[in-house]
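Q: Sequence:
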Amino acid sequence: MTPFDLMVFSGNPLDRLSEKRDDAAALTALLENAGARVAAFVGAMPVLRANGDGFAALHALDDLRALPAAEAPVLLGRDDEGPVYGLLLADSTLAHKTSGAADAFVDHHESAIAGRPDLHVRDLRALAVENALTRDEIAILAQAKTVLHWHANHRFCARCGGKTVSTQAGWRRDCENCGAQHFPRTDPVVIVLVTHGDSCLMGRQKQFPPGMYSCLAGFVECGETLEEAARREILEESGVRLGAVEVLASQPWPFPASLMIGCRAEAFSRDIVMDAQELEDCRWFSREEVRAMVAGSHPHERKAPHPIAIARGLLEHWLATA
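Here my numbering is used: the first residue of the sequence shown is -13, the next is one more, and so on.
The hints are simulated quantities; they were obtained by calculation from the structure and are not laboratory data.
Quick caveat, the model's predicted, so the values are computed rather than measured.
You may find that some hints are simply not true.
DEER-style ranges, computed between Cβ atoms [stated by the list, open to error]:
no., residue 1, residue 2, range
1, PHE205, GLU67, 21 to 29 Å
2, LYS149, THR(-12), 40 to 48 Å
3, ALA11, PHE254, 55 to 63 Å
4, ASP1, GLN191, 18 to 26 Å
5, ARG171, ASP122, 20 to 28 Å
6, ASP49, ALA15, 17 to 25 Å
Note that beta-carbon positions come from the ideal geometry of N, C-alpha and C, so glycine has one too.
Please work from the sequences and hints to get the whole structure.
A: Okay, structure coming up:
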């Protein structure tokens, strides 16, 4: 087993039923299935159901039908228990009572649904950090969050400005005016473990938690290969030039709709010319330092990325393959 095998937000267990999205009879039968469940959101926050001492991410669809929805349910797929939908509830369902606090990485606030004391609204990243749900539930919520965010932000046509409507079980929006078809987007991001000899390159941004350093990353631009994007981003942020780039793994990152593509690359030199607008600090770390950062025992309290992030997997993979 590698550090990438149990990556958070991956491992979605659903059969996405993409072949059923144009089958009206099949879609009606799925929606009327007595076992249909739903992953519900208010804005970017998932709605959880109290379940003993913990929470459950999926609700019986019939249980939430009385709550006002912002969009029609999106068919996420099906597992052995039945179909699963994503449902974006109207903002009016949220009772604006919050508890907890937010730090640089996680929002610990908890809100409620008006009139439903059994329902709780929590930040998805906080749920992942706290291991508050099963791996399958977290992956389903990641899928739902991404596609529901797209619906919330694409209600009008980018071509003519006309109103769009949800079609294909929620996996397309059609313009009522000009007929243009719009599909959910995923934003690819290269995140690169850069090595030179027995050291690796990491940086930190101002919004990072105190002492945390991570692998450098950036969005893939139009007309670029992943390798070209990796070389460009590392050069822009650190001034370090890369040779060969190897893709190791990828991770859905639903904040709001990215795909993190984990790469490994060897630098030609250790000369750093840091972009101070992008980074607060950038430096080389020895293997021993990184091992201490992962273990939480660095003498200067420098920290590795949180285990939910692919950057942590890249570092652990490097340490394990020395």
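Q: Assuming the hint says 20 to 28 Å, is it satisfied by the Cβ distance from ARG171 to ASP122 or not?
A: holds (25 Å)
Q: Lying within 40 to 48 Å: is that true of the beta-carbon distance LYS149 to THR(-12)?
A: Holds - the Cβ-Cβ distance for LYS149 and THR(-12), about 47 Å, lies within 40 to 48 Å.
Q: Between ASP1 and GLN191, is the Cβ distance one that fits in 18 to 26 Å?
A: Distance hint for ASP1, GLN191 is violated at roughly 38 Å.
Q: Does the beta carbon distance between PHE205 and GLU67 stay inside 21 to 29 Å, or does it fall outside?
A: violated (37 Å)
Q: In this structure, is the beta-carbon distance linking ALA11 and PHE254 contained in 55 to 63 Å?
A: holds (60 Å)
Q: Range hint 17 to 25 Å: satisfied by the CB atoms of ASP49 and ALA15?
A: holds (20 Å)
Consistency with the previously given hints fails for numbers 1, 4, ordered from lowest to highest.
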